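Peer 1: Given chain G, put chain R in place with the hints provided.
Number of protein chains: 2
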Amino acid sequence: MKKENSAPTMKDVAREAGVALGTVSKVVNGLPVGDSYKARVEEAIKKLNYQVNSYAQGLKANKTYTVALLIPNTRDPFFGLLAFHINLALLKRKYRMLLLCTDSDSAQEQEYITMAQQNKVDGIIGLTYNPNLIIEENTPFVSIDRSLGSKIPCVACDNFAGGQLAAEKLSDLGCKKVAFLRVGSSLNNEPNKRKAGFENGCLSRSLEYEMKIINDGESFEQFVDFLKEHMKDGRLEFDGIFCVTDGLAHFTYNQLLALGLRVPEDVQLIGFDGTRYFGTSEYICSTIVQPVPEMAEMCVELLLQESMTTKPPLVCLPVTYAYGGTTLEPKFEE
Amino acid sequence: MKKENSAPTMKDVAREAGVALGTVSKVVNGLPVGDSYKARVEEAIKKLNYQVNSYAQGLKANKTYTVALLIPNTRDPFFGLLAFHINLALLKRKYRMLLLCTDSDSAQEQEYITMAQQNKVDGIIGLTYNPNLIIEENTPFVSIDRSLGSKIPCVACDNFAGGQLAAEKLSDLGCKKVAFLRVGSSLNNEPNKRKAGFENGCLSRSLEYEMKIINDGESFEQFVDFLKEHMKDGRLEFDGIFCVTDGLAHFTYNQLLALGLRVPEDVQLIGFDGTRYFGTSEYICSTIVQPVPEMAEMCVELLLQESMTTKPPLVCLPVTYAYGGTTLEPKFEE
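These protein sequence lines are chains G and R, in that order.
Numbering-wise (my numbering), the first sequence opens with residue 1247 and increments by one.
Numbering-wise (my numbering), the second sequence opens with residue 1247 and increments by one.
Read the hints as simulated data drawn from the structure, not as lab findings.
Honestly, I wouldn't trust all of these hints.
Said to hold, decoys possible - Below 20 angstroms or equal to it, Euclidean Cα-Cα: the simulated EDC-like pairs (lysine to aspartate or glutamate) are: (1) K1340/G x D1479/R; (2) K1338/R x E1575/G; (3) K1478/G x E1456/G; (4) K1338/G x D1479/R; (5) K1338/G x D1349/R; (6) K1422/R x D1479/R; (7) K1340/R x D1351/G; (8) K1338/R x D1351/G; (9) K1474/R x E1464/R; (10) K1422/G x D1404/G.
Unchecked claim - Okay, the calculated bits of chain G under chain R, using three or more residues with CB under 8 angstroms as the criterion: (11) 1268 to 1280; (12) 1311 to 1321; (13) 1324 to 1333.
Computed from a predicted model, the values in this text were never measured in an experiment.
From the three backbone atoms N, C-alpha and C, an ideal C-beta is built for every residue, glycine too.
Only chain G is shown next, with the shape it has when bound in the complex (with noise of 0.2 angstroms):
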């Protein structure tokens, strides 16, 4: 039974309109529900009359300068080198962070967003794949690379702009057919904006292009068989590769010499995310690479920023393009 006198939660909001607590969330985050989920949800939001916003005041009042990190690893350069920046804007702020690796166990994402509102942490910066993340209307939390609705902030680089640049540079470089390889995601995050702005600039550039893409999951073993199928003669039917990280770059260029293929001269290829060698040496390969240090910033203004009422849903935040070994070496001054 509820308490008299407390304020009622999403949990009294799902019980009352009969749905589950994640539809709640969506509604009040402003994702796409049924409208029929939709409308109980509001009939019921107004019934009980739930008051969205109780939870940032009482934040406001009650501080503990710790925000928490939910992020798969730090193993992964590019969740390294986020985890690093992160830590940097929250410390020159004096703001503590703790540090959640999801890669285990995403209940315990769950739980943390839980602690947040409980007032255990101020906000919450998270990059996460968890389909089903339940979070409370305006507990603060910024997400990197996902939208988690309209109103949650969501901070990522340009990835249409970066998918474009790529087109657009194997262009300039001379390539005239070229293939786009990529692991896809059911998920609606924005790393998959790079197919369409690679689609755009093939077709801004009359550039032929070809497209082999596999699920989350599945074997890099398509991308060998893709390849082989459009070897003839000892020769590849493209002269320029565009990959979709630098991950799996690097397994492309391995795949092209033991087809005996030359990387740059017979093929050119570009990855993206911005790899470095031991995090601070050379790139891996040549890459469109995301802005990390602005990213981590990012997250940290809009995150902490309490007097900004209308958050922005959406940042994308400018790429840059590096050689990196495995394009042909830029003539002149870029």
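Peer 2: Positioned in the frame of chain G, the structure of chain R alone reads:
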């Protein structure tokens, strides 16, 4: 003025003895200091009846289930991997982890140690190069790779055995004259033992060797000069090289190629750490692998084990050799 009834602190001891706080810290933690300093500190401790155990007792009664990790950054692959596994080991035990990347600001390290002493965290795991850390007696602290005194457990891989294994491997793989390239540290840290282990291995196999050692912060160009000085008629005088880290091995690999040498046909190359492409893919070079998950578990075990009255001052965990393309391929199962 000291308040009545409050227990004497390390600061009081320093004032009484007329020495710096760091000196008192060294004495209570069993680090070497000059005899006269030691005598003065011990006299002051006796006179003030300074109780070195007070903190540890306080901590037991007032748990936060939070541990701080001090680490230079999570951008370097070894640090990123270590942070990830320490995070997993703590989460498994329902502890939260504060991350403090200290690359930017070593003063922050001291702040975190003070926080631990004020019971805001239950303990600290630290991989630190700060030579002036002040750690109160019995602050729960586990150090990685560097001894901070006989009363603070230090966890490392078996660096001596790793150096020896590298020499033995190069010998087994047919090398006749080898080189050791090292970036030395003035701190008395565990990775320094790689050198002694390597020399020992060379001597036991009657393997001829030379060493090139530069100091932290000096330019890697000195290694390039060293290699050039040992070129004769387009051949290098060494047929094997052991580098103190994978990062240096990667650098050296590129230099050898630039000199027109083939790796591993002309020169075999072994690094140290066990760095993999993208954290989980293949090894970047043939390498001595640090047992990072086991090191992380050991750090957490030693930190949280309260019933253990005498903690081991140094724990060295076994290393292994891994083939990573820069040595001749193993002919048999090893």
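Peer 1: Could you run down the list of hints and mark each one as holding or not?
Peer 2: So, going through the hints one by one against the coordinates:
Restraint check: the Cα-Cα separation between K1340/G and D1479/R comes to about 59 angstroms, which exceeds 20 angstroms; the hinted pair is violated. Distance hint between K1338/R and E1575/G is unfulfilled; the C-alpha atoms sit about 48 angstroms from each other, more than 20 angstroms. This hinted pair checks out: K1478/G and E1456/G have alpha carbons roughly 16 angstroms apart, not beyond 20 angstroms. Our distance criterion of 20 angstroms between C-alpha atoms is broken by K1338/G and D1479/R, whose separation comes to about 55 angstroms.
Distance check on the hinted pair: K1338/G and D1349/R sit about 12 angstroms apart at the alpha-carbon level, within 20 angstroms; holds. With a CA separation close to 18 angstroms, the supplied pair K1422/R and D1479/R stays within the 20 angstroms bound. The suggested pairing of K1340/R with D1351/G holds, with an alpha-carbon distance near 12 angstroms, which does not exceed 20 angstroms. Taking the CA atoms of K1338/R and D1351/G, the gap is near 10 angstroms; set against the 20 angstroms cutoff, the hint holds.
Simply put, K1474/R and E1464/R have alpha-carbon atoms about 18 angstroms apart, close enough for the 20 angstroms limit, and the pair holds. Taking the CA atoms of K1422/G and D1404/G, the gap is about 25 angstroms. The hint is violated against a cut of 20 angstroms. For the segment 1268 to 1280 of chain G, the stated coverage by chain R is violated: 0 residues have a C-beta nearer than 8 angstroms to a C-beta of that chain, whereas at least 3 were required. Three residues within the 8 angstroms Cβ limit are the bar, and the segment 1311 to 1321 of chain G against chain R gives 5, so the coverage statement holds.
Check on the segment 1324 to 1333 of chain G: 6 of its residues sit with their Cβ under 8 angstroms from a Cβ of chain R, so the three-residue criterion for coverage holds.
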